[in-house]
Amino acid sequence: MRGTVITITSGKGGVGKTTTTANLSAALTQLGQRVIAVDADMGLRNLDLVMGLENRIVFDLVDVAEGRCTLQQALVRDPRAEFLYLLPAAQTRDKRDVTIEQMCTICRQLVTMADYVLIDSPAGIEHGFHTAVAPADRVLIVTTSDVSALRDADKVIYLLERDWRRQPGLVINRYNPRLVNSGEMRGIDDVLDILAIDLLGVVPEDERLMLSTDRGTPAAFDRRMYVRRAYENIARRIMGANVPLTDYYRPGFWGWLGRVFGR
Amino acid sequence: MSDVTTPEDSAHIPTPQGAFALELRIADLLDGVTVRDASNAGDGGSETQPARHPEQTKQAEQGTLPGEPLVPARARALPDEVDNVPPFLAQSREEKETRPSDEFTPESSQLAGSLPSQTTSALSDIEISEKKEATPASTPSPIVHIRGRSDGVVIEIGVGTWNQVTAALAERLESSGGFFRKSNVALDLGSRPVTEGELKEIAQMLAAQEMSVGVVRTRSERTFQAALAVGLAVALESSDGAPDAAAMPATAHSHERETDAKGYFVYKGYLRSGHRLRRREHIIVIGDINPGAEVISDGDVLVWGRLRGVVHAGAGGDRRALVAALDLEPTQLRIADVLKIAPDPKPGHPGRFFWRRSQHKRPEIARVVQDEIITEEWDVVRPGGLISLKRGGD
Chain A
0 MRGTVITITS GKGGVGKTTT TANLSAALTQ LGQRVIAVDA DMGLRNLDLV
50 MGLENRIVFD LVDVAEGRCT LQQALVRDPR AEFLYLLPAA QTRDKRDVTI
100 EQMCTICRQL VTMADYVLID SPAGIEHGFH TAVAPADRVL IVTTSDVSAL
150 RDADKVIYLL ERDWRRQPGL VINRYNPRLV NSGEMRGIDD VLDILAIDLL
200 GVVPEDERLM LSTDRGTPAA FDRRMYVRRA YENIARRIMG ANVPLTDYYR
250 PGFWGWLGRV FGR
Chain B
0 MSDVTTPEDS AHIPTPQGAF ALELRIADLL DGVTVRDASN AGDGGSETQP
50 ARHPEQTKQA EQGTLPGEPL VPARARALPD EVDNVPPFLA QSREEKETRP
100 SDEFTPESSQ LAGSLPSQTT SALSDIEISE KKEATPASTP SPIVHIRGRS
150 DGVVIEIGVG TWNQVTAALA ERLESSGGFF RKSNVALDLG SRPVTEGELK
200 EIAQMLAAQE MSVGVVRTRS ERTFQAALAV GLAVALESSD GAPDAAAMPA
250 TAHSHERETD AKGYFVYKGY LRSGHRLRRR EHIIVIGDIN PGAEVISDGD
300 VLVWGRLRGV VHAGAGGDRR ALVAALDLEP TQLRIADVLK IAPDPKPGHP
350 GRFFWRRSQH KRPEIARVVQ DEIITEEWDV VRPGGLISLK RGGD
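Chains as they are written, first to last, in numbering that gives the first Met the number 0: chain A, 0 to 262; chain B, 0 to 393.
So here's chain A without its partners, still in its complex pose (with noise of 0.2 Å):
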């Protein structure tokens, strides 16, 4: 069976697209998915730092590109799931190193042998990107809800019907209930509002969510962070199944247990 093809991309940088990749790979992979995830940031790499894997890699993207390694040679395992590999991007090489001829071959390989393809696009809308995007079945947009973040998605989003005639997918990072809810922040409603897509997830604010990409555990690995709950839930979304929306303006006590408990 083919799997699927998903990039994560934003247009800025720092809004989460690594994060959000590492996470949802694990969710996925604790789903029951066989999942790799490709980092196409090319010179630029740290997929490999927030997944942990860094001192495993061998040969990365480019040598595949450039036949120097067969693909099998190149994916990295990770040893805390299932099923859960990475193909390094280079780090000492240029974004140009590899076509968007190149990437679509080693994407269709690679979706023959898992569920998911998650590509880790690199920021901005130059070449990586469009490498980035060429092989997606789905895109996903990772956006916060400041105003930057949110005017670069959108041109993301433009480019990406104009060029590529996909409708992408849109999940909002580092999203903070409690200045929402004092009215000094952008809301859920309002970044639809204005980007009118597919709302597939929001993943909370959450500064332990930093220390654990630094640590190279994804969030989604560790039982004790409540986060790993927005990252399944976006998982489970993206294998079709139709979860609610977690509510994080219910305050209290009861709104507490409900977030704790998913609902």
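Simulated from the structure, these hints should not be mistaken for lab results. All values derive from a computational prediction rather than experimental measurement. There could be a bad hint or two in this list.
[Claimed, not checked] When the alpha-carbon atoms are kept at most 20 Å apart in a straight line, the in silico EDC-like pairs for lysine to aspartate or glutamate are as follows:
(1) Lys267(B) / Asp326(B)
(2) Lys267(B) / Asp162(A)
(3) Lys181(B) / Glu195(B)
(4) Lys267(B) / Glu160(A)
(5) Lys267(B) / Asp213(A)
(6) Lys11(A) / Asp162(A)
Dock chain B against the given chain A, drawing on the hints supplied.
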């Protein structure tokens, strides 16, 4: 791999002197903005944003609302030069296009052509055009640039007066000694507005050398129309080098009514950040215009939806042009040479990116009254409808 635009590519573009001049212009504009804000504050700090409450509208009708009298020179500079792309950018784009079967040249070249922020790009355009005016004679790049390609000859027309251009072209053709004989020419006119007569003149000069114009490439709407009138194949590119997607389907449409400026152009769907729609006709948008998108028309602009981007109606200088929207919340509104910017958001407000709509928001119409743009809510009970909007000419 020549198609890829790296950040370095675009980074080298502003010359030191250019960067300095740009900075000056920004400072200049900021000055203007603060002055305008100050004048607003002096008037009691009341809102000048187009989205307005009924009582404020009444104020506007009585003429007590502080509108923004514009600096006409600067505002006038905007419409014509939005299209401008500096010649060196046009050149680098040309080099990029040499790679065949390139799926995303438009996009990569767009990076070189457009700066992300709308204001900065407009600013740099102004700055560049001013530089042009300052040193017309001593342009470093040749006025006419002829290059051979496998499929024909590309003639790029650079900066200079039309006489300089024709002289330079004649000289180049003369010196080539018939080398380009019988070749098919792609004529790149850049953003220069060229009349029908001038186009015919060039075609004749080329015909004298047994060359024929295969296609005209331009970023100027005026040249586009002129080329259609002369009967040449023409490709209109938007200022960022990408083929103007929205303009494409309407090419035949505008060909039918090439002399009729009163036609209209309907766009259905979202206009997102970075999207630019420029037409000579009246524009009707059925959908939303997001912040960062631009809609420019020689006639009226009517939006059946939310207007939050930049709109320029009557870009040809027609002050009678109107802007109407179900939800009028533009970041900037221009009608002919009059300009109005959105007020700064109030403290504690989530920002102008998302102006909260009041529950009973009505459609609004913006127009120019005595050098100011005022907005009026559409009102069912207004006797006789919009009497005041009747145009003198019609």
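Pair hint Lys181(B) and Glu195(B), alpha-carbon separation not exceeding 20 Å: Since the Cα atoms of Lys181(B) and Glu195(B) sit roughly 23 Å apart, the hinted pair is violated (cutoff 20 Å).
20 Å limit on alpha-carbon distance, applied to hinted pair Lys11(A) and Asp162(A): Holds, at about 19 Å.
Straight-line alpha-carbon gap Lys267(B) to Asp162(A), limit 20 Å: The hint holds at about 18 Å.
Restraint check for Lys267(B) with Asp213(A), where alpha carbons must lie at most 20 Å apart: violated (46 Å)
Pair hint outcome, Lys267(B) versus Glu160(A) [Cα-Cα no greater than 20 Å]: It holds: about 14 Å lies between the C-alpha atoms, which stays within 20 Å.
Restraint status (C-alpha distance of Lys267(B) to Asp326(B) at most 20 Å): This hinted pair holds, its Cα atoms lying about 16 Å apart.
Hint check: violations occur at hints 3 and 5; the rest are consistent with the structure.
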